[in-house]
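Go ahead and model the full structure; you've got the sequences and the hints to work with.
Sequence order for the protein chains is Y and U. Okay, so the first sequence: first residue is 1 according to this note's numbering, each after it adds one. Okay, so the second sequence: first residue is 210 according to this note's numbering, each after it adds one.
Take the hints with a grain of salt, since some may be wrong.
[As the list claims (entries may be wrong)] Quick list of in silico lysine to aspartate or glutamate cross-link-like pairs, EDC-like style, CA-CA up to 16 Å:
no.	chain 1	residue 1	chain 2	residue 2
1	U	Lys432	U	Glu343
2	U	Lys512	Y	Glu198
3	Y	Lys176	U	Glu353
4	Y	Lys120	U	Asp491
5	Y	Lys176	U	Glu479
6	Y	Lys176	U	Asp491
[Said to hold, decoys possible] Quick list of simulated restraints, FRET-style, between CB atoms:
no.	chain 1	residue 1	chain 2	residue 2	range
7	Y	Val20	U	Asp280	54 to 62 Å
8	Y	Trp179	U	Asp416	33 to 41 Å
9	Y	Trp173	U	Ala374	24 to 32 Å
10	U	Pro469	Y	Ser129	33 to 41 Å
11	U	Gly506	Y	Trp111	21 to 29 Å
[As the list claims (entries may be wrong)] Examples of chain U residues toward chain Y, derived with CB under 8 Å:
no.	residue
12	Thr300
13	Gly404
14	Asp406
15	Lys512
16	Ala515
It is worth saying that the hints were derived from the structure and are not from the lab. Backbone N, C-alpha and C fix where the C-beta goes; we use that ideal spot for every residue, glycine too.
Chain by chain, the residues:
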Amino acid sequence: MVVSTKSAAWRKPLALALQVAVHIGAALPLLWLFYAINAGRLGGDPVVELIHYLGLGTLRLLLLTLLISPLARWLGYGQLNRLRRPLGLWAFAWASLHFSAWMALDLGFDWSLIGSELVKRTYILLGFSAWLMLLALAITSLPALMRRMGKSWKKLHRLLYVVVLLACWHFWWSVKSGWIEPAIYLCVALLLLLWRREGVSRWLRSFKR
Amino acid sequence: MLIKNRSRGDVAESQVTPEQAYVSRRSVIKGLGAGLGITGIGLLGGHSLAFAADEAPRKPLDFQPQKPAPDLILTPDSKVTNHNNFYEFGTGKTDPAQNAQGLKTEPWILTVEGEVEKPGTVDVWKLMGEIGLEERIYRMRCVEAWSMVIPWVGFELGKFLKQFAPTSRAKYVAFETLYDPEQMPGQRNRYVGGGIDYPYVEGLRIDEAMHPLTILSVGLYGKTLPPQNGAPIRLVVPWKYGFKGIKSIVKIRLVEEMPPTSWNRLLPKEYGFYANVNPAVDHPRWSQATERFIGPGGLFSVKRQATLPFNGYGEEVAALYSNMDLRKFY
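Set out below in structure tokens:
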């Protein structure tokens, strides 16, 4: 049919354009950050400003990743699902920068302090666990591994649900006062999980065997 | 004399508060950053990273410079005045510098009352010219594990309080910040104000208040305080965490019982009444053993340094707490 071929004709370039947009959108703020660091525009305590900026960016990328599949189903536009991979990998990249900035710039690679903070501060332990899970997801995002893992790949990658909740919790416990901002992020995360509640409960049941 | 004893018919402090509406002067120039933030997935936004543009003018002060000056590297004026915790103007570190410029600090009446024989009110701007100001270069340690070195201009709180003749029942001193939601967006909106119950209140034990290191500051770097640093008058207690240094004070009340303090009221497990700088007692969520010193350099010159007991003023003040368990009374 004319209409469907026509629509198919724009669907592919649009998907490609969206992919490019994801890469630009996730990379540009990092370029800006690089400029801001050099221009001394991160304020009086730039270390904390940088860490918070990277952490909040990670959380937003994670939520965006979770938004894709319900959105694709709602729009009837399956190509959109291909954005999950770059978004997830960018979230991992931002999380890694967030974690590295904390270790290098805040704690100055003082390994004994890093170790004791990881163990003593629950909110840091929560963030670290989330990063470890993201690391596992990033490694298994290699196409070869993906194919070899088959069904278990999907099961593993649903770990993102846990990652998002841990990240929200990590944010909540890290703020000095005021719970409204972390609560907003948590609500968005819960809504996104509620939207796919069947998938979530199927995934949870799969551990019961 | 600068002290005006208050009689019954006198003007209440609330009537002195100016009617002038709060003028938002949020700087428009946030540069390239904000522009790019809107691009793509909008990872930017939420936190502003720019310094404020137009600032309220600061007047030069007559004061006695500190001699000899302590051997400390000063935090640059621009960082002292652009990195502030003053939740009445927002919880971000640059929020106060951006939102406080419209604060009307002239005239400013400070009330001293409670367990004193001669309660009264003071015109703070007149006081600045009469009391004999001196410079005090102090370390400032924030409970959030960063620190500065600031050249304050002010006078000893103890000498000031003696003019009001405290009675023997004066065991504590309670301080109160201006309450004026019209001028202070954090007092209008709980989200902006970080959930604190306003007005902000602080307190000291009477011996802490009378200690010669404790000052009321009216300036820094030789000029009057900018609004974000607590203009026109604020408390500085160098051996305590920064949140004890209450800003823009309108009332000092000498009392018999330990007064409530804002952060303790909000999170009693994390912030105590004493709040003495103590590297051995961690905040429940982070270590207090070290601190990031905010000095002249940029991001990559930031270094952690050891936090000193009583912020380095132990020789002078440790005796105040000689038979107290500082783990219990944090």
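Going through the hints against the structure:
For the proposed pair Lys432(U) and Glu343(U), the alpha carbon gap of about 12 Å is at most 16 Å, so the pair holds. Our distance criterion of 16 Å between C-alpha atoms is broken by Lys512(U) and Glu198(Y), whose separation comes to about 50 Å. Proposed proximity of Lys176(Y) and Glu353(U) is supported: the alpha carbons are some 9 Å apart, at most 16 Å. Of the pairs offered as hints, the one joining Lys120(Y) and Asp491(U) holds, with about 10 Å between alpha carbons and a cut-off of 16 Å not exceeded.
The suggested pairing of Lys176(Y) with Glu479(U) holds, with an alpha-carbon distance near 10 Å, which does not exceed 16 Å. Using a Cα cut-off of 16 Å, the hinted pair Lys176(Y) and Asp491(U) holds, with the two alpha carbons roughly 15 Å apart. Here the CB-CB span from Val20(Y) to Asp280(U) is close to 56 Å, well matched to the stated 54 to 62 Å. In this structure the hint that Trp179(Y) and Asp416(U) lie 33 to 41 Å apart at CB holds, the actual value being about 37 Å.
At roughly 48 Å, the beta carbons of Trp173(Y) and Ala374(U) sit outside the given window of 24 to 32 Å. A hinted range of 33 to 41 Å holds for the C-beta pair Pro469(U) and Ser129(Y), which are about 38 Å apart. Between Gly506(U) and Trp111(Y) the beta carbon distance is about 24 Å. The supplied range of 21 to 29 Å therefore holds. Below 8 Å, beta-carbon pairs count as interface contacts, and Thr300(U) has one with chain Y at about 6 Å; its hint therefore holds.
With 8 Å as the threshold, the beta carbon of Gly404(U) comes within range of chain Y, its nearest partner Cβ sitting at about 5 Å, so the hint holds. Hint on Asp406(U) is violated. Least Cβ distance to chain Y is approximately 11 Å, over the 8 Å limit. Because the closest C-beta pair between Lys512(U) and chain Y is about 7 Å apart, less than 8 Å, the hint holds. Hint on Ala515(U) is violated. Least Cβ distance to chain Y is approximately 12 Å, over the 8 Å limit.
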